[in-house]
Every structure is written in C-alpha cells, then in structure tokens.
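Student: For reference, the chains in residue letters:
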Amino acid sequence: MAEHNPRRDQRRENASKQLIFRRTAVLMGLFGVLTFSVLGWKLWDVSITKHEEYQLRQLQQSTRDVEVKSNRGYIRDTGGNIMAMSATVYNLILSPRDLINSISERQFKQDDGTIDTAAREAAIQARRDLICDEVCTVLGLDRDDVVRRMNKVNSQYEVLKKNIEGDQADRLQAFIADNKLGYSLIMTPTTKRYYPMSTVAAHVVGFVNENGGAYGVEAAYEQLLEGRSGRIVTNQTGAGTEMYNSYSNYIDAEDGSSITLTLDSTIQRMAEQTLAAGIEKYDVQNGGICVVMDPKTCAVLAMASAPTYDLNAYGTIYDETLNARAAASKEQYYQQFKAENPTDEDGKPLTEEELRSKASSAAVSAALNQQWRNKVLNDTYEPGSTFKSVVLAAALEAGVISESDHFYCPGYYVVAGRTIHCSDRQGHGDQTLAEAVQNSCNPAFMMIGQRLGAEAFYDYFEAFGLKDATGIDLPGEATGLVWSRDYFVSPEGYQSLATASFGQRFTVSPLQLLSAFSATINGGYLMQPYLLKSVSDAEGNIVLQHEPTAIRQVISETTSRKTADILESVVSEGTGRNAYVAGYRIGGKTGTAEGEVGTQDEEIVSFVGFAPAEDPQVIVLLYFDTPKHASPGSKYGSTGYYISGGQMAAPMAGQLIAEILDYLGVERQYTQAEAAAADVSVPKLTGYDLTTAQAALKRKNLSCRTVGNGPVVTDQIPAVGATIPGNSTVILYMGQQAPTQQINVPNLRGLTYDQAKKRLNDLGLYMRASGVSYYSAVTKAVDQSIGAGELVDRGTVIPVRFVDTSVSDGYSPLE
Amino acid sequence: MARKAKRDLTVEEQLARGPMDLPLLMLAMLLLGVGLIMVMSASYATAYYDAKTDSPLAYAIAQGRFALLGVLAMYGVSRFNYQYLRGLSLILLAFSVLLLVLVLTPLGVANKGAQRWLHIFLVAGPTFQPSEIVKVAVILFFSSRLCVREKRKPTKWTKRTRLGRTLNLMERVGLMELLPYIGILALIALLLLKEPHLSGTILVFVGGAAVLFASGIHWGWFVSGITLVGSALALVIKFTPYMTSRIMLWLDPWSDALGKGYQTIQSLYSIGSGGLLGRGLGKSVQKYLFLPEPENDFIFSIAVEELGFVGGILILGLFMMFILRGYWIALHARDRFGALTAVGITTLFAVQVFLNIGVVTNLIPNTGISLPFFSYGGTALIIQLAEVGILLSISRQIPAPKQD
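Heads up: the protein sequence lines correspond to chains A and B, in order. According to the numbering used here, numbering within the first sequence proceeds without interruption in unit steps and concludes at 828. According to the numbering used here, numbering within the second sequence proceeds without interruption in unit steps and concludes at 405.
Hint data in this document are derived by calculation from the structure and do not stem from the laboratory. As the structure is a prediction and not an experimental result, all values here were calculated from the model. A hint or two may mislead.
Unchecked claim - Some chain A residues near chain B, calculated using beta-carbon distances under 8 Å:
(1) Arg36
(2) Thr37
(3) Thr48
(4) Val59
(5) Gln71
(6) Arg77
A virtual CB, placed ideally from N, CA and C, is assigned to each residue, including glycine.
Can you make the complete structure from the sequences, with help from the hints?
Tutor: In structure tokens form, the structure reads like this:
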C-alpha cells in the first residue's frame, strides 16, 4: 500500500514543483539580474570611465599623418641669378605584398569554386618580371637586388631608388599608369635642392642636409626658406592601408620665401678666379680668402674661401690638395686609433679592417669639415700690417698725430727694454706720416700707438668692433683672441700695445678686420656686414627689403678722408704699389703675418684695397695662407716670389679691383702720365713723305724709326688702325716692304721696363705695361700675356705686367 | 458550430490553440533584428578587404538567409507539442553523441587547429557544430528524467559487503542519483575536449547543471562541485606556465600588445572609443582590420563603438528581458518537464551572453563564446532560434489564468 498513495504522490509532486520554482527563482536572480548588473558596470567602466584613454589610443593607431614637404625658397644673387633652387624628385617604392594582392584570386576562380593557384602564381610572376625589366632598364638598378626585394612578400615598403628626376620619373610614371601598377609600385614626390652654380659662393650659400639648412645662408635663413610643411591626415586600416572611405584632413604646405643676396655672382666668380690663380701662382698651402664688399654699406658683393667645394656634391672632397692631404692623414689616424686600442660595442678589439675604415672615415670627415669652413668668418687670423689703417685712423681722430708729423726709423724700436725690429732692418730713416704708412714702418707705428696710449687704443679697438662679432647674417661667426683691457692698459701690457700697433699678437676674423677697415675710409661708420638684400614670398612679391645697419660712427668724415688719402698713397707710392692699375685710384694696405703663432715659414700674406679712393665703391680683402717657401727660412716662395702681402696679394687684388670696377661701370680717369701711355690707333702713313708722317705720329703721341732711304713711306708696322700704347715707336719702311715672317716672342720675365720695351721694339713688337704706378730699376716684368716662344706678327702688342720688387714688407719676426 | 470557450477545450485542443508568449517572441525578434544590422555593419569592412568574398554585404546576406531559416524553424518548433520531446530526448541525445563521434572521424571538418564541424549532409553542404545540438539534447534529456525524480525509488544494496554499504551510503547522500548524469556529461566532455572545444564543453555543463540545480539536487553538490573545479583551476593556473600567462594576459593585455593581447586590446579600444553615444551606426573604425573577427565573437564591441554605451546598455537590456522572460516561462510552465527545459535553455542563453560580453570587456579571460542572435554563424543561429521555439512551445501550454 505504500506502493501507491495518490495523496502522498500529490504532496511530493507539489513539493517538487515548489522546489523547482524556488530554484528557478534563484537562477533568475543570478543569471537574469546579477550577471547583467556586473556586465552593465563593466560596460560603463570601459566605455565611459576609460573612454578618453581608449579613444586616444584608438585614434593613434588608426590615424595616418603624412607630412607634405613645402617647397624651399630660392636663393638668388643680386642680379636675380638662381644660386639655390628646389625641384621635385621622386622616390620609387615597391610593395611586394600589394603586388601579390593586386592579382585577385577571384579572377582565377574555377567553375568548381577552387582557385587555380598555378595560373595565379604565373600571373604574379609575369607582373614581377614586367616591373623588374622596366625598373632595371630605366634606372640601371641591379636586377638581383630588385628580385631579392620583390621576394620579401610581407614587406610593403621597399625603396628601390631615391631622387629620381626628370625624364626617368616621367617614364616611370607613364609605365605605372599604363600597366595599372599604382597599387604596388608607388612614386612619392619629395624635393631636392639644386645649386645651379655648383661651386660659386659655396661657403656663402651653404647646403641642406636631412635636418634642413646646415651651412651658410641655407642655415642662416632656414626659417624663411623652409616654409611650413603641410600634413595630410587620413584614416588607415589595421593593415596599414588607407581606408577606402577615409576622411581626410589637409593642411596645406606653405612654400618657403625666396632670398635675394647682395652677392653678385659675376664679382664672386672674379674673386674666386683671383683666389685660385693666386693659390696656383704662389704655391699656397692652406688656401685663402677673397671678400669684396661695398665699404659704405658693408653689403657683401663676393665672399670666396678656399678650399671650396661643389654644393651639389657637398659630401665629396672637391679640392685636390685637400683630398691628397686627407688620403695622407689616413695613416696618421690609423696609427692613432691603433695606439688607443679601441673595442666595439661587444668589447672585442677592432680588426685591422675596421681600424682602417675608421681611420679613413675620420680623415674624410676632418677634410669635409675643413672644406665647409668659411674662413672669412669661421676662422680668425693675425691681421698684421693691414691693421695699421685702423691705428692710423684712430690716431688721426684722437689728434695725437697729424700729416705733418715726422717719424724716424733706425730699423728697430725699443719698447720696455725690448728691441723690436722693422721689416726693413736698415731703417726707413726720417719719414713723414704718409711715408711711414707707405713703408709700413713698424717703429713709426709703435710710436703712434704710444702717443695714442693704451686706454685710447683699446677704446678704438672696441669702437671699431674688433671685440664683437660683426653680426653678419651667416652662422658660426668667430671672434678673435684679444687681450683683456685690464692687462692691456697695465704696465705688463706695454709690449702688447707696441705689437698691437702693427697688427700682431692678437687675432680677429677677416670679416671683423674688413668692416673695421671700411669704417676708416667710408666716412667713419662701422657698418654691419650683410648678405640679405631682400626677401620675397612664394608668389615673388618682395616682402622685406634689407637696409644697411650702421653700428656707430667711429671717426669723423674728415679723419676718414685723410686716412683714405694716405692709404691711396700706399698704392701709388708705397708697399701697395703693385696693386696699381692705370685709371683707377686704388687705396689699400698690405699685410704679412704669422699664420699661426709660433710656427715657422707659415705666413698669411694679405692686402686690403679699395677704390676709387675719393669715393670708395668696393673694398677687397685678399689673403693667401702659407705660400710655400723655396727652402726653409727663405724669404722667397717656391715659385720665385718674395713672400709678402705687397708682392703676392697686392698685384692680384689690384687687378681684381680694376676688373670689378670695369664690371660695375666705374669710369677710368687717367692722370696725364697715364693718358700718355694710353692706347692710340695707328694712322695711315703709307704714301706720305717722312715729315708728314712724323707730324701725324706726333699728334698721336707716337714716335718712329725708319728703315730704308726712300722718299715716301711704302709700308708701316703696325698696320693702319692697330692700337698700340702711346709713346711707342712706329717703324716706317721707306721704299721697301715690311718683312712678313712671324717673330718669336722673347722671354721678358725679370727685365726692367726699359729693357723689356727695347727688347720688344727691336723685334718690331710693342709692349703694353701695367702693374705699377711708375717704373724704376727695381720694377721687373713678371707676366706676359703672350708667352715666350710663341710666334706673332710684327707689330703685335705684348701686354706685360710689372711688379716693384723693392717692396719689402715681409714678415719681421718679433723674436 | 459555435467556437468553444477555452476552458471547455480538452488538453489536446488547448495545446493546439494556446497562444505563444508574445513578449519572448518580440524580444527574440528584436535581438535578431539588431543582431542582423550589426552583422551587416561589422562584417562590411572584413568582406570588403577579403578577396574571396564577392560583395561587402556577403556576410550580411548569408546571415539574413540563415535568420529566415531560423525563424521558420522557430515557428515550426513552437507548433510542436513539446511533450513529445520527453521521449525523443533520449534519441536526440544518442544521435548528438553519435555526431560528436563522427566529428572526430575524417568526416569532421577542421578549422584553425580544431575539428568541430560536420557537413549537414555529412560529405556536402554547409557546416555546423554538433556541439550546438548536444547542448539542447542534454537539457532535454536531463529535464525529461529529472522532472519525475520524486518517483525514483532508491535502490537498496546489500549491507553485508563493504561495497554494498558504500553504495548504500552513496545512495543516501544522493550521489547514486547523480551518477548517470555525471556519466553522460563526462562522456560528452571527453568527446568535445578531443576536438578540442573548451567553450562548448563549458556550455554543455552549464545547461546540464542548470537543469540539475533547478530540479532540486542538493545544493551542497553544486557548492562542492564549484569548489572542486575552482581549486583545480587555481592549481592548473599556478603550475602550468601556459595558463599562468593567459591569466597574466587577462590582467594586463598590454604585456603582449601585438600578440596574444591584441584582440582584447582592440576590443577595449572599440568599446572605449564608442563613448556615451558612439560613432554612429556603420561608422566603426575598429572593424577596418584592427579588431579580428568583428562580425563574430567581438560583434558586441563594434556595436558599442557605433552605438555607444547607450546602445550597449539597450542591447544588454533586451538580453536581460529576454532571459527574465525565459525564466518567467519556466516559473509558469504547465509541467515540471517544461519548467526544467525552459530553465536549461534560458540559463544557456544567459551564460553565453555573460561569457561573450564578459570577454569583450575583458571582465573574464578569453573563452571564445559567440553572442546569441548577433554573432555571424548560420547553423548556430538556426539552433538558437529553434531553442527559442522550444521556449515558445512551452509557453503555449501555460494554463490560462483563472477568470474570477
């Protein structure tokens, strides 16, 4: 009976039902309410509490920010000639992965839905070959390398070639378009800097490396030239490709401004040629500089520094001497490194090969740094006698000397118990002020310095800006080593005053000297040297016109006038007379100084010249660093020239000044003597009798000699219309014909004016002399435009250059 | 002939005529609708960048087709008198276990290192996971037996042998009653872990355990079972480097941001960048190849990225109401079999939702469970809708409230 009890069964069933009900209610609470509450809380935590953090991170990974380079501005010379420009070039990028993806599997779907892998592989290979062929043909790339990169199937970015230009770029672009390869072969535009004049004014223009302008104007005006890069912000997918429906945000690039310099590329070329010619002529070891400025504004017209380099290949050593020196120094570096016994990052000693390559790169980088240096302002030197112009102007301004003062030079001067010799040990004897400057007499200048006194001297030194950077708009300007005022004015500094008076024992940058020199002759104003003439925006509108800046007036106009006059006499009569050019009144001062204090046979020979003296248009500083000595201790260079500013720098500078003034259209004004020697054209003389002919020649300031005894002139040398220098002798043939055979040009080097003229006249040739203001027994021919041994017609004019070898402004050692 | 009043109908007539539970139906349809829209949005980029698919809408269209089939299956099942399932459940269970065995034979289809699929026609047709069927089969079979557990007679063993006494003890504490269920679960677990398919195993256990719990099995067993599994898990985590690293990765996904933590991080970015109102429907950025499988396990992340916290909470709310309605049906079911089945199915849904959303929000370590009605996957969707059909079928037999 216990087997079946419906009431009990019903009760148990009800209990069971209630149990299920309760348990279900528990589950309902657990899974219907509790879990959802937890999920809701977590959702709040992630999507609201951490919203900003996650959104930012999400944004970073899905945003592609591509920089769009702005076009860098032009650099032009004063005449608008382009010195630096940017052009669009292309980088060719291959995406091996996208190349494979570009061959869609869909095209190879067979009827049964599977994919014909073999056919697809073949299509991929065909496309690869197509690209390989074209790229290797057009760009001359190494095929194996291209194939190797193409097989990097997971790569999306293989740069095949950078900086593709012009025709090559056009052809490749057409190739990509024609074959619809834009998905896997991409040309990205970028800009490249070109320097159309390559080596011209390399140090001024400077160059651009990965970080922007690195040297010269490119660096100084980086901000202006660079412009502002633009950006393209797009969305990218997780695979790194741009989203097909990408929202893009463009920020336009702003092109850089263009800069026009005061520099004149024609004058720059003249300066560079002068510098290069001098370096070769005098066998100069350490290069040199040549700066041309407008003395009234200190606008730089030319600035050359040697050794120079090619801006389009700034990473290679351009100068042969420098290159040879770098090669030679490799061994030195190698020995040095070897002695240091260096190790690599793992602590292993470097192998022989690694040492060699380290030495090699050290040597090359040292040479490169040297070739990039603009010696005009990055380096300093001892100015030597060129500094005397500053002392002269200061003393005249202070009123401690006047033009009528006399100075006696016995060949030495004793300062504080120490004997300091003059460059002319015989002594210059009694001299006027002008003569003392013409002779570049050290004892006279020591006296002038003492009259000025240390305090005043130092005041002027500072006033002429020699303790400050000039403020030129080029980077890396150096200032020299100068005594402190306290030392200079103390009794211990007494000898310093003496040496400073003739420009020794302190250093300034060439640019500092030149701006101070300009102040002595331009009316007394110390100007800030500058290169920037104007700035124009990308559309070509001039947005800034640079005006010259006067720092201060150092001396009065009157003093400046007096100084200029005395300096002009240096060229017309003194140590600068080799800079003389007929027709131009050039003033200037020579200088010869130790290259580096304490070294032997290393002089810097220099000349500062300006013209025209009455209204200076240009001022030139030319110096050569270390002309090679013929033998150690010799006063002569290896090419036979006396080592001094007057003998080496002055003649080159004089010619350069004349060349520049001709180019600038400054008219020559001849003195009477110069006019007499000026060229005249030979009149027609044949058919006339001797008296008539002589009268005609006389009117032309020519003389004649006759050959033969006929009554009338039957022939003449030179021919009608030829131009020959005045005072020349015309040969008249009376009753016979002039011989027609050509004549061997004789070697005139070393002859005096008269000797050379006679030698040529005897042969029926004419001489056009230049180089010095007057000719004496010590004036010697150094150059002839038509070389010895060449055959020329009778009556040809041979231009001959003379120098005055008596100029003895060589370096006089203090010790 | 006049239409008979409802109370005059026989039980059979009532079964044929009873209204299905409209709230549950509407909630299921809403979830399906929102899910379809999200599949379309989330799969768009994947399909676009996948060379193998012909249209960016390929996933959405396929899912739509399955949804249609699923709704039909749901309707069909809802018209089916679930009482027949009491008997069919054993056959269904045997059949599904057979399928699980077949999966392990060469007939099984493998993907990403796991062999979990079968073709519908064994050698052809779309693939499906037999584990989906096993879940339902286990729930039905357990319910069909446990609904009559109070009628079960305790077996009496001889007290003379030690074995007999032990068995008697086990009978007394209720272990003997549990053993067949444990045996079935163990067999299925063995087959599933062989595939391997950990998440499927978990869900089978959850469904079975829910039915067992609801049927009134002593709660002590669940407490001890959970304690046992918990401590075993703790030991495994502590002593196997693989599990340790998984837990570390859960605590700090950024420790391997580009490797194993990538998916979790991208999911957090998606949800996090949605903010309160989201980027707008279809405007997810993360689906563009950042978040792997955006149309599948991580579809909820895309939904929150596009619809924001508000959208996410609304979806959660729909799920919550759906689950509560499922339990409501269980509470009101005509019989215990219906109640237990409804509890099992509802709990299964609830746990899937919890595990999926818990994973995408990094609340729990990654388990790889898809989101019902949302995640892309045809056969799973059909089976889920068929499960809803069972719930609806149960709801039809709920007695009408007494009219006073």
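Student: Each hint needs a verdict: does it hold in this structure or not?
Tutor: Status of each hint after checking the structure:
Checking Arg36 of chain A against chain B: minimum C-beta separation of about 4 Å stays under 8 Å; hint holds. For Thr37 of chain A, the interface hint holds, the least distance from its beta-carbon to any beta-carbon of chain B being 5 Å, beneath 8 Å. Taking 8 Å as the C-beta cut-off, the interface hint given for Thr48 of chain A holds, the closest approach to chain B being about 4 Å. Look at Val59 of chain A: its Cβ gets to within about 5 Å of chain B, closer than 8 Å, so that hint holds up.
A least Cβ separation of about 4 Å between Gln71 of chain A and chain B falls short of the 8 Å threshold, and the interface hint therefore holds. Hint on Arg77 of chain A is violated. Least Cβ distance to chain B is approximately 12 Å, over the 8 Å limit.
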